[in-house]
Each structure stands twice: as structure tokens, then as C-alpha cells.
Amino acid sequence: MNGAHDLGGGHGHGPIAPDPNEPVFHDEWERRCFAITLAMGFTGQWNIDQARFARESMRPGRYLETSYYQHWLHGLEVLLLERNLVTQSEVETGKAKEPPQKLSRTLRAEEVAPALKKGGSARRNRVGEGRFKTGDIVITKNINPVSHTRLPRYVRGRRGRIDRVHGVFVFPDSNAATSDEKPQWLYAVRFEGQELWGTEAEPNSCTIVDLWDDYLEPA
Amino acid sequence: MPHDGHDHGSELTETELRVRALESLLIEKGYVDPATLDELVETYETKVGPRNGARVVAKAWTDPEFKAWLLEDATAAIASLGYTGRQGEDMVVLENTPTVHNLVVCTLCSCYPWPVLGLPPTWYKAAPYRARAVSQPRAVLKEFGVELSKDIEVRVWDSTAETRYLVLPIKPAGTDGWSEERLADIITRDSMIGTGIVGTHS
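Chains as they are written, first to last, in the working numbering: chain A, 1 to 219; chain B, 1001 to 1202.
Each hint should be verified, as a subset may be incorrect.
[Unchecked claim] Only pairs whose alpha carbons sit at most 27 Å apart, straight line, appear in this in silico BS3-like list of lysine-lysine:
no.: 1; chain 1: A; residue 1: LYS118; chain 2: A; residue 2: LYS102
no.: 2; chain 1: A; residue 1: LYS118; chain 2: B; residue 2: LYS1125
no.: 3; chain 1: B; residue 1: LYS1171; chain 2: B; residue 2: LYS1047
no.: 4; chain 1: B; residue 1: LYS1171; chain 2: A; residue 2: LYS118
no.: 5; chain 1: A; residue 1: LYS118; chain 2: B; residue 2: LYS1067
no.: 6; chain 1: B; residue 1: LYS1067; chain 2: A; residue 2: LYS133
no.: 7; chain 1: A; residue 1: LYS117; chain 2: B; residue 2: LYS1059
no.: 8; chain 1: B; residue 1: LYS1029; chain 2: A; residue 2: LYS97
Since the hints were made in silico from the structure, they are not lab data.
Could you put together the complete structure from these sequences and hints?
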């Protein structure tokens, strides 16, 4: 979706202002928001692409005015409500009124370390060879789906070169929409600065973007 | 995060209340366990952070075989040091050289290699960096105090997929014979994102 999250190339957001003494979490609510989001993620009620789409669905003005963990909170509420795990009035009051749904799994404290160490790779078994090889010239499609995509606006309809072939990975667009993993080849595609930014491009610079086969056409 | 000097205090209070309400609701429903939540926070606050990545880089600087492995199969080489899993399942290491400087961003969200760098800093997750790293990388680097000559190619890596990128910075001059531990002490988080250069004074 063409939401506020798709920030590449935007102007007017102000200075970067890094804080050299920044703590991991700034406030207790950030700790709790982080932890409930991860713990609920482990219940398997949604996949990572659905979680990203839920965060992206925030109204653009609000997305830009709020912080990272506020995006997470919005996403978590959307997912919980969509799956009828909680009701709107329960979210507002913080008190359960309906009986809980049965979850196929929940994360226990002793499972945290092994579960984090294991992770969940999006890599899938290779199926034949990819359509493109390193050095091939490709053109990205110009797509504007209202659903989730990982093809940023600033690289749509652009000419690039395959920089490396990563292997076969879950396709986020279909995984977000219907949990269909539709595994396909993933490539790192290199775009020269001028191709993306024209005469405003900085000298001797390029951007490399990870893009799936479905986003690409041969040049 | 607000950069304009006021705190949006009432809004944060509302956020605090919403998080508190949601946490107690999820606990009451039996969906999450309070001990699990504490364990998750403690892991990323005290156990997983950029010291892990610094160890990877220091080993690559002192062990040519490990460096070759790291550039060939970063996931396996990093796993050999015990760093695996969530948000680092498929790693790629990018080597800085006298002619190439690599910089990592995630313009669409905030993808970041958690097992080796921990959770990302606020600036990495906020709009200014995500917007400008791809279009004005040299100007962005200047804001971090890094000025690169035009002869050095700047490669910006936008982490749109589940591959996670770690920059292997240039080993500074004057560090020959240093132990891995001593080298690890001067390797900064920013140098492994590409927004910093390693100097001999950390």
C-alpha cells in the first residue's frame, strides 16, 4: 500500500539527531509494548507480513506523528481485533468480558531463549534456477496495490542490475494477503543514483534493494 | 519521536494507558504470560546488543579464514559464534574497502539484524533517516560526522526482505597486533550500520 511508511526519498522530515546515550527502551510502556507484541507473535495467529501490514494501515498523518512502538501498538490492536481475540470494549477497558479463544500455542518463559535463538527463516527450498542471474538488467514493475507490498515507491518502474541472488524466500505480498507463501527467487537489485534521483542524485552512489521475482521484468 | 522540543505529554500518557490496558487484558485472557514478557525485555536489554556484532567484526579482522567465510556465508559464520535467530535468520555481510562504503537502512519499516546489533536506535526507526538515507546518503553521513570523498562509492542497502545486513568496517591503521578483545572495544554500533567509521579512540 502507498502508505506513510514508504518513506524512501521523502523530504522535510528534519534532522536525524542521533542520541549517543540512548537507552534500549525509553520508557516502561515501550518495554511492555515490545514484549506483548513479540509474545503474541509467537502464538502464530498472524505472520510477520500481516503484522507489518497492520502497522502500515495507520492513518498517514498519525503514522508520521507517532513513534515506532506506537506503530507497534496500533498494529497489535488491529490484529487482535481482526482475529476476534479481543473486542473493542475490552481494549478500551483492559478487562475481559468475553471468554478467551483457544490458542494452539503460547510462549512460556523458559521457551523464550530457545525460540529467539531458533527464529523463523523465510528462506524456502530452491525450485529450479532463478529467472535472472548476477549482472542481468531488469525493470521493476509499476504496481500500486492497496494491499501489502515490499516494492517501495521510489524503485517502481526503474532500471536496475542484479547484484546478487539470495535464494528462494516467502513472498510478502501474498503472505500478507492470504498466508500464501508463494516462495520465489529474491534478488539484490542495484539502482544507480541517477536512475532514482535524476540530476539531484549525489555523485558515485547507488541503492541496492532486495526484490522478489514477481516485482521484476527483463529489460 | 518528537524532535521539536515538546513532549506530546498527554499523548504519551494515553499511549501508556493503552499499553497497560492491553497487557493486563492479554494476561487475563491467558494469551501471554507475565514471566515471558519479563524474559523478552531482559533479553534485549541485557543480553543481545552490538557487542555481539563487534565480536564478529573483530574476529574477521584477525582471522582471514573467518573473514572469507563471513563474506561467503554470513549466517553460518555468525552462528559459529553463537548469534542466531530472530531478525537475523539470513545474514549478509558487506565489506567496506578504501573504494566502497556500505550503508544500511530499511525505508519501509525498521528491519535490523537483532542477534548481532540488538534492537535498533530511534534514529534508525524514524522518518528522517529512512527518507534520506537512500536519496542523500553522503549528506546523511555528514550528519554522523562521516565525510567521504567522491572517489569512494556509496552503496545504500534497503532491507526490504528478510535478509539482514551487517557492515564489516575498515580496520583502522595502528591496530596491528591488537587482540580480538581490544579490537572489539573500539568497534561501534554505527560502524556496523555504516553510519560510522572505526577509529582507534572509541
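We went through each hint and held it up to the structure:
Between the alpha carbons of A:LYS118 and A:LYS102 the distance comes to roughly 25 Å, so the proposed pair stays at or under 27 Å and holds. Of the pairs offered as hints, the one joining A:LYS118 and B:LYS1125 holds, with about 25 Å between alpha carbons and a cut-off of 27 Å not exceeded. With a C-alpha separation of about 26 Å, the suggested pair B:LYS1171 and B:LYS1047 falls inside the 27 Å cut-off, and the hint holds. Proximity of B:LYS1171 to A:LYS118 is assessed by CA-CA distance (about 31 Å); at most 27 Å being required, the pair is judged violated.
With a C-alpha separation of about 24 Å, the suggested pair A:LYS118 and B:LYS1067 falls inside the 27 Å cut-off, and the hint holds. Distance check on the hinted pair: B:LYS1067 and A:LYS133 sit about 25 Å apart at the alpha-carbon level, within 27 Å; holds. Between the alpha carbons of A:LYS117 and B:LYS1059 the distance comes to roughly 21 Å, so the proposed pair stays at or under 27 Å and holds. Restraint check for B:LYS1029 and A:LYS97: satisfied, since their Cα atoms lie roughly 10 Å apart, inside the 27 Å limit.
Of the numbered hints given earlier, the model fails hint 4 alone.
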